[in-house]
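> Okay, here's what each chain looks like letter by letter:
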Amino acid sequence: MSTPVIKISNLVKRYHELLALDHFNLEIKEGEVFGLLGPNGSGKTTTMNCILALLTYDKGSIEVFGKEMRPDSYELKRQIGVVMQNVAVFEELTVYENIDYFCGLYIQDKALRKQYVEEAMEFVGLQEFKNFFPRKLSGGLLRRLNIACGIAHKPRLIFLDEPTVAVDPQSRNKILEGIEELNRQGATIVYTSHYMEEVEQICTRIAIMDKGKNLAIGTKEELKQMIKKSEEIRIEMVDIPQEYLADIRNLKHVYEVRFENHNLHVLCSGGKHNLLRVLDYLQEKELSFGRVYSELPTLNDVFLEITGKELRD
Amino acid sequence: MFWHAFYYYLKSTLRQKENLCWTLLFPIALGTMFFVAFSGLSDEESLHTIPVAAVVKEEDIALKSVLDTLGEAGEDQFLEVTYASEEEALDLLQNKEIIGILHGGSPVTLSVNAQMDNMQMEQSILSAFVDQYNAIFDGIKNVAMTNPEKVEAVIRGLSEETDYNKEITYTDGTMDEMVSYFFNLIAMTCLYASMTGLKIAIRNQANLSALGARRTLSPTHRLISILGEITACILFQTVIVWISLFYLGVILKVNFGSQTGYMMLASLVGCMFGISFGFFVGCIGKMEEAIKVGILMVLTMFNCFLSGLMVHSMRIQVEKICPWYNKINPAALISDSFYALSVFQSHDRYFGNLATLFAMAVCLCVAGFFIVRREKYATL
Ligand SMILES: Nc1ncnc2c1ncn2[C@@H]1O[C@H](COP(=O)(O)OP(=O)(O)OP(=O)(O)O)[C@@H](O)[C@H]1O
Ligand SMILES: [Mg+2]
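Each protein sequence line maps, in turn, to chains A and B. Residue 113 in the numbering used here sits at position 113 of the first sequence, and the numbers go up by one each step. For any residue, its number in the numbering used here is found by taking its place in the second sequence, counting from 1, and adding 1000.
No lab work stands behind these hints: they were computed from the structure. Any given hint might turn out to be false.
Claimed, not checked - Non-contacting residues of chain A with respect to chain B, defined by C-beta distances greater than 10 Å in every case (computed):
# : residue
1 : F123
2 : D210
3 : E221
What the hints assert, rightly or not - Straight-line alpha carbon distances no greater than 20 Å define the calculated SDA-like cross-link-like pairs of lysine to any residue that follow:
#  : chain 1 : residue 1 : chain 2 : residue 2
4  : B       : K1011     : B       : W1022
5  : B       : K1376     : A       : M69
6  : B       : K1017     : A       : R135
7  : B       : K1057     : B       : K1141
8  : A       : K114      : A       : K154
9  : A       : K136      : B       : K1017
10 : A       : K110      : B       : F1002
11 : B       : K1017     : A       : F132
12 : B       : K1376     : A       : Y15
13 : A       : K154      : A       : E119
14 : A       : K114      : A       : F133
15 : A       : K136      : A       : D168
16 : B       : K1011     : A       : R135
17 : B       : K1376     : A       : E68
Glycine included, C-beta positions come from ideal geometry on N, C-alpha and C.
In isolation and in its complexed conformation, chain A is listed as follows (with noise of 0.2 Å):
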């Protein structure tokens, strides 16, 4: 584990005026499922195409597996698999045909090539549709054969930018667990998404970031641990007279109430058994309530008070 997978230091992209990427930082470290979350517009792809040497850059320094990356570093390349967030793959060829066109840009050997297509259409799920061609896959069904063009050369480094856009939960869901996989066999990924869920599921580390800014960087545990909040209670109440209201935000741990669309939302920061101190303020004071949540607290609520706004808007 000594030379980091992934290192960009202070990278600056700048598109004309806008500056996409600002003084960005990483290190991504071999066998981990690393996520990079932020909402649209974020600089998630902006870093991907840099990392990747696809895009110029006008500050900072990048090493993938402790060399510069440039566009003739044909040996990294070699390591690498990428699933970009557009579909790329060819109308008039095949699944299998497309997957053994893009294969074959790094694998030379046709034996082995043939047993790497067949895998990769296994992994996927999309042996059936072995010679369909790529008009008459579903939505879902075409993600996953994007995915498996950019992976079945078996790459120890594989990018994933949004792979699951748009596609049903079924195919997602098999998505997911495609990509554990695949980390379980050793391959590093670095996976883009706004699905917070995704990224919680999935991923070992989390980065977030927003406006080209990388905020806060851990496993998702650490990452909840930086904020305040630590539980959310949240009751269906008809009404509640506003004076009680100063009584709940006086009780331990509790630093947030409101009350809105006939819901009691109690934050709380730390500590135990809040949700039954405010159920018994309740009974004492003889509100009627109907159901209770206790909520634990998201990546949104992570990035909510990171930057003050949701992560999806």
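Model the placement of chain B with the ligands on the given structure of chain A, informed by the hints.
Quick look at chain B with the ligands alone, frame taken from chain A:
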């Protein structure tokens, strides 16, 4: 890797059935239309003696003797020469009694009447005659300067050559107006191959297409896969043109002459140029694909128009107004190669045209490669 690209390019191209259909249908349908529209026309247009006026001075002995030979009455009389003064000659031309005026001097020049556009074929033959005459005469002058003792031999050669030209070119030649339209049609088909060259360029550049980005990320050198695709593309397009030639020549029985191998070679070089041209346009700038397609369409049509695809006389007009353009207009070069094959027995003009086309194709390809070679982009 070359063959990997080559194989998959051919495979995907052959799969595009509609595309295949259109590429083939285009020359065939247009050819059939031309054929229907022109049938009958070529019979009336069979060659007669061409009436000309010659304005010569005392010292134009060589010209006079050539004109006299060509003007001798008989089976194969080529010219009907009237010697006249400048004014008389112009009068004759105004009254459309002659096709052109030959002005003596060095070089010999030709005037034709632009309003006589029903006589384009005769005009172009005269112009070809004058070109050839001047070329030969230049040759003699050079010889006279360097080896005066050989002049006589050369002059003897000249009169033989003229004889020979007279027979082949002006009476037995298969040149007629209809055939020249077909030559231009073939030229257009070759130039339209530029669309596929354009596609290759776009699909290989990361800043122009997602496919290009994906290929750029692979450890395969881009020039190798581009070269593979261009080769496959040339093969495919050339076969399309060969099929069109076959259809026009064998099914419609358009009289292209008998030099099939040379015609196939000309189609190959024509397609090479077309594809390189499209590839080059695809490589320059970050415009939308549709805009680049538009540029290619307009340029192709414009060049075909100037070379006489729609109006037969355009070619001659261009020759008068800006003759150098006929020397680089790819449509003119391609159709002229076919014309030269059917009219002249020597292949000098034919190979000259092909060499120009080939050189231009190589330049465009290399220029395209240089642009594509840049592999990092400021924006995608
Ligand atoms: N080619 C370009 N020219 C100008 N600006 C661009 C270009 N590409 C991206 N940008 C801008 O750079 C910023 C970062 O874009 P980027 O595509 O990296 O975001 P992203 O995080 O991948 O977003 P998404 O979730 O929508 O994919 C955005 O503000 C975007 O508008
Ligand atoms: Mg993106």
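> Please go over all the hints and tell whether each is borne out by the structure.
Now the hints, each set against the structure:
1. With a closest Cβ-Cβ approach of about 18 Å to chain B, F123(A) is found to remain outside the 10 Å limit, as its non-interface label requires.
2. At roughly 21 Å from the closest C-beta of chain B, the C-beta of D210(A) stays outside 10 Å, upholding its exclusion from the interface.
3. Non-interface status of E221(A) relative to chain B is upheld: no Cβ of that chain comes within 10 Å, the nearest being about 34 Å off.
4. Between the alpha carbons of K1011(B) and W1022(B) the distance comes to roughly 17 Å, so the proposed pair stays at or under 20 Å and holds.
5. Simply put, K1376(B) and M69(A) have alpha-carbon atoms about 11 Å apart, close enough for the 20 Å limit, and the pair holds.
6. With a CA separation close to 15 Å, the supplied pair K1017(B) and R135(A) stays within the 20 Å bound.
7. Simply put, K1057(B) and K1141(B) have alpha-carbon atoms about 18 Å apart, close enough for the 20 Å limit, and the pair holds.
8. Of the supplied pair hints, the one linking K114(A) and K154(A) holds, its CA atoms being roughly 13 Å apart against a limit of 20 Å.
9. For the hint linking K136(A) to K1017(B), the alpha-carbon distance of about 16 Å falls within 20 Å, and the restraint holds.
10. Taken as a hint, the K110(A) and F1002(B) pair is honoured in the structure, with Cα atoms around 15 Å apart against an allowance of 20 Å.
11. A hinted pair counts as satisfied when its Cα atoms are at most 20 Å apart, and K1017(B) with F132(A) qualifies at roughly 16 Å.
12. Proximity of K1376(B) to Y15(A) is assessed by CA-CA distance (about 14 Å); at most 20 Å being required, the pair is judged to hold.
13. A hinted pair counts as satisfied when its Cα atoms are at most 20 Å apart, and K154(A) with E119(A) qualifies at roughly 10 Å.
14. For the hint linking K114(A) to F133(A), the alpha-carbon distance of about 19 Å falls within 20 Å, and the restraint holds.
15. Of the supplied pair hints, the one linking K136(A) and D168(A) holds, its CA atoms being roughly 17 Å apart against a limit of 20 Å.
16. The hinted pair formed by K1011(B) and R135(A) meets the criterion: a straight-line CA distance of about 17 Å does not exceed 20 Å.
17. Pair hint K1376(B) plus E68(A) holds up; C-alpha atoms about 14 Å apart against a cutoff of 20 Å.
Every hint from the earlier list agrees with this structure, and none is contradicted.
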